[in-house]
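For the record, in the first sequence the residue sitting at position 30 is 30 according to UniProt numbering, with numbers rising by one throughout.
Hints were generated in silico from the structure; no laboratory data involved. Note that the structure is a prediction, hence the values are computed from the model and not measured. Glycine included, C-beta positions come from ideal geometry on N, C-alpha and C. There could be a bad hint or two in this list.
Pairwise CB distance ranges, derived in the manner of DEER restraints [as the list claims (entries may be wrong)]:
1) D179 x I252: 25 to 31 Å
2) R355 x S281: 44 to 50 Å
3) V606 x K475: 41 to 47 Å
4) R351 x F238: 40 to 46 Å
5) D452 x N318: 54 to 60 Å
6) P524 x S281: 39 to 45 Å
7) R355 x M119: 38 to 44 Å
8) Q317 x E521: 30 to 36 Å
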Amino acid sequence: MVLISSNLLNVRHPIAYSSVRVSNECPTIFSSNFQLPTAKNNVSPITHSATPLVVEEPHQAISFLLDRSKRYTLEESKQLHSYIVKLGSSPNIYFINTLIHLYAVDGHLVDARKLFDKMSHRDVVSWTTLVDGYAKFGKMGDAKDLFDSMLERNVVSWNVMISGYGKCGDVEAARQLFDQMPERDIVSWNTLISSYVWNGFSEEAFEMFRDAIIENVLPNKVTFLSILPAVADLGCAFRGGYVHTLIFKTGIDVDGVLCSALVDMYCKCDCLEMAFQLFASNPARRNVASWNPMLAGLVRCNSFEKALDLFRTMQLQNVEPDYVTMIAILPAIANLGAVGIGKWVHSYTQRKKIRVNATLGSALVDMYSKCGCIELSLQVFTMVEHKTIELWNAMVAGLAINGQGKDAIELFYQMCVANLEIDDRSFAAVLNACSHSGLVDDGLEFFAAMKDVYKISPKIQHYGCIVDLLGRAGKLEEAKDLICNNMLIKPDTVIWKSLLGACKIHGNVKIGEFAASHLIELDPSDSSSYVLMSSIYDAAGQLNDAIMMRKMMNEAGIRKEPGFSLIESGGVVHKFFVADKSHPRSEEIYTMLDEMGSKLKSIGYVPNTKLVLFDIDEVEKEAAIYNHSEKLAIAFGLIDSVNGAPLHIVKNIRMCSDCHDFMKLVSDIYNREIVIRDQRRFHHFRSGKCSCMDYW
DNA sequence: ATAGGGTTAG
1 MVLISSNLLN VRHPIAYSSV RVSNECPTIF SSNFQLPTAK NNVSPITHSA
51 TPLVVEEPHQ AISFLLDRSK RYTLEESKQL HSYIVKLGSS PNIYFINTLI
101 HLYAVDGHLV DARKLFDKMS HRDVVSWTTL VDGYAKFGKM GDAKDLFDSM
151 LERNVVSWNV MISGYGKCGD VEAARQLFDQ MPERDIVSWN TLISSYVWNG
201 FSEEAFEMFR DAIIENVLPN KVTFLSILPA VADLGCAFRG GYVHTLIFKT
251 GIDVDGVLCS ALVDMYCKCD CLEMAFQLFA SNPARRNVAS WNPMLAGLVR
301 CNSFEKALDL FRTMQLQNVE PDYVTMIAIL PAIANLGAVG IGKWVHSYTQ
351 RKKIRVNATL GSALVDMYSK CGCIELSLQV FTMVEHKTIE LWNAMVAGLA
401 INGQGKDAIE LFYQMCVANL EIDDRSFAAV LNACSHSGLV DDGLEFFAAM
451 KDVYKISPKI QHYGCIVDLL GRAGKLEEAK DLICNNMLIK PDTVIWKSLL
501 GACKIHGNVK IGEFAASHLI ELDPSDSSSY VLMSSIYDAA GQLNDAIMMR
551 KMMNEAGIRK EPGFSLIESG GVVHKFFVAD KSHPRSEEIY TMLDEMGSKL
601 KSIGYVPNTK LVLFDIDEVE KEAAIYNHSE KLAIAFGLID SVNGAPLHIV
651 KNIRMCSDCH DFMKLVSDIY NREIVIRDQR RFHHFRSGKC SCMDYW
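Generate coordinates for the entire structure from the input sequences, incorporating the hints supplied.
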């Protein structure tokens, strides 16, 4: 794996790693005191001059006009226009062309056209500027009419037409013009390459790029900035390396922007190490856009802890997150259940007046849902103005995983009425809702409607929901029949695992063996098949078979995935493994755990040592049960939070039934709401009860 | 002296 170390960034953390919990795989992850950057108000980018133009003499108007760094409002452009008119009977053609440009770049095409028509003498630039105006605003009909009536064209005229077609999605037309044009320059090549990229034709874009190299066209920085996203999209490290080498060979200066594009490309080609090296060497590290691809890359590779670490480092360096950062980092926060950081990100958008559109809204809804804060998800959902199908899907899925099946179905119906195009993911969400809430009949109805009414052919995840649904309801034969006789796709490990999990709930050895054999055949290295089957045997009293299963696993050299629990406190995510003693406050934690044990026992709690398979005595079995990572995490949560605050835990594997009983009692005795997200679902413990109704 | 091509998310 890749080593991401903040040392590479030459960051000197101002805060000591006093309460850092470092896991085995991740050398530098969470440091204490998650710091909020100091708010600055200079955010909104200025696209137009804020103050009205003061033009004292015509000469000054000209320098305003020709200053390419400025953008003007329509009124200001008209003001400049009137000054130019005052200059005399035949104003310089340069000035008029620039005025046409001023009108055209902001889409004031009628004004631009009027000026163009009034000109007594026009040159190729006048024509091209207006053509470009039409092309930039999608009016390719007007652009083409004007382009066709041009008596004289140069390479720029052709390029603006190619660009126009490319931007409006007509790559065929763009390509035709490119082939027809009498001479091409590097901009022509760049334009066509980007046209392909924008429209998703990365392979074609790369072919174009290669043609350019073959034809000895010298690529420039823009060529590389255009082709790199295509290579990224293809995820082809080989071609990525080729492009990178060419950058070296052409001697082009790798500035911040080009470096960001390279980082992004390497991330998307799964070369995180290379990406990080480039990222660390980026000359523009004060720029957010250089951090965003690296963050997104880590998240994409499921390195959530490293992503959060980098996010923190970024803030220590006073680089302000932007909209793109939010979208990139929220899935990492969601995955780790770090709701404190999530809330901070949410409030940051409000403080910085970053508009929560449907995309950002979906990410926030997803994050809050995965942190078990469904009320906050609903709040965000309600606030977003133009709701997209993605947002609706995220909300339905959120209700589903939080066990609010009826609400999810209600929202799904609202979505149907809201005239949105229901897609396969909408059905996946609502089916998931049915399966989590045990709504068997509803689920089967939705499944049928999806196929028959909406004509959406089920994907593997839809089948997964139905198998889960049937299985959890105890209809194991029906579930098996669906898998064996009625699925149009080859069942994957998730399907078999669903069935096996159901067999565990309902204690069915026979179908369990059937599912386990398929599971082991498909993925012999997955420990969970052996572990699940072993516990099914154990529960059925077939102790010898249970031991045999464990033996099989051990002999194949398969290790059980170590269980861990995450709990966030004060902006830091703490990670606990089974019997973990490496936390700096370990002693306090174990003392707390003892205390909790006695309190619970005094009201009748009996540790369920039946779950411990090995032949050890009762005292040791009890200890083994107490060592489960979620118990350590909850003990830590109790001593490290204010009284009455809800505790959120994320676990990588499913909870055992003893931990489940334990949490119920803790929630009651300590008067705390406990939210635990395991591999499959949420458990909201309150006053001695769990939202899953002991059905999981 | 005026006109054209480009990075980060999903």
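Results for each hint:
1. D179 x I252: 25 to 31 Å: holds (28 Å)
2. R355 x S281: 44 to 50 Å: violated (34 Å)
3. V606 x K475: 41 to 47 Å: 32 Å Cβ-Cβ, so the 41 to 47 Å window is violated.
4. R351 x F238: 40 to 46 Å: Given about 44 Å between the Cβ atoms, the range holds.
5. D452 x N318: 54 to 60 Å: holds (57 Å)
6. P524 x S281: 39 to 45 Å: Given range 39 to 45 Å: holds, Cβ gap about 42 Å.
7. R355 x M119: 38 to 44 Å: holds (41 Å)
8. Q317 x E521: 30 to 36 Å: Given range 30 to 36 Å: violated, Cβ gap about 50 Å.
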